[in-house]
Amino acid sequence: MTRSVFRFLSRQPETPQLLSATHRLRLPRTSDYEQWYRLRSESRAFLQPWEPLWRPDELTEAAFRARVLRNSQEHACGLAVPFFIFRKEDDALLGGLTIGLIRRGVAQTCMIGYWMGERFAGKGHMFAALQLAIPFIFRELELHRIEAACIPENHKSVRLLEKAGFEREGLLRSYLNINGEWRDHAIYSLISPDTSTKPKTYYS
1 MTRSVFRFLS RQPETPQLLS ATHRLRLPRT SDYEQWYRLR SESRAFLQPW
51 EPLWRPDELT EAAFRARVLR NSQEHACGLA VPFFIFRKED DALLGGLTIG
101 LIRRGVAQTC MIGYWMGERF AGKGHMFAAL QLAIPFIFRE LELHRIEAAC
151 IPENHKSVRL LEKAGFEREG LLRSYLNING EWRDHAIYSL ISPDTSTKPK
201 TYYS
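Numbering-wise, the UniProt record's numbering puts 53 at position 53 of the sequence shown, and it's gapless, one number per residue.
Derived by calculation from the structure, the hints in this document are not laboratory data.
None of the values given here were measured: they were computed from a predicted structure.
You can take every hint at face value.
Heads up, simulated DSS-like pairs for lysine-lysine below, C-alpha to C-alpha not over 25 angstroms straight-line: (1) K163 to K88; (2) K123 to K163; (3) K156 to K88; (4) K156 to K123; (5) K88 to K123.
Make the full structure from the sequences, and use the hints.
As structure tokens, then:
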């Protein structure tokens with residue numbers, strides 16, 4: 001039988017959840033649509049300067065269902081772990097944090113991206129989510145390096161990454177098309193403290 005390049009996922013729960021006393025991270029579900037729609041709608045002006053242009057059907061239920069299906073497929077293939085962030089006390093949706101571009105072999109790295117609803121921003125929720133996600137990435141996914149790309153003018157995101165221990169490595173010129181323009185991004189990284197971990201070999 002052919003061994004999958006994504007064999008590592010056999011050790012992970014099919015629907016991972018990360019829990020603290022105050023927050024819950026889990027995969028998106030189609031039943032999240034109403035909360036997601038309200039939060040994204042009311043936060044559009046707040047989020048748009050830092051995101052790709054929204055499609056005309058961006059907030060429709062059909063587009064959300066397609067997004068959830070794509071998220072599920074990417075997780076099943078070992079390419080990403082897309083989390084929604086919830087406040088544990090009332091299960092309110094706060095934002096999202098995606099562990100994406102997972103690369104195995106000699107790289108053992110991933111790229112994280114995140115967004116937070118405007119009314120929940122600046123209250124420590126994303127830092128709390130990172131405190132759950134970082135150990136998951138290093139211990140459960142057994143990755144060596146986490147990367148994050150940030151528009152230099154996004155000072156809140158810069159402060160968040162630095163507070164979480166990320167270090168700036170350089171500038172990626174004209175890196176991503178954000179809000180209709182190709183924007184430079186600063187590249188940040190966080191390295192696993194466990195330097196004894198050796199890269200695993202995966203076969204297709």
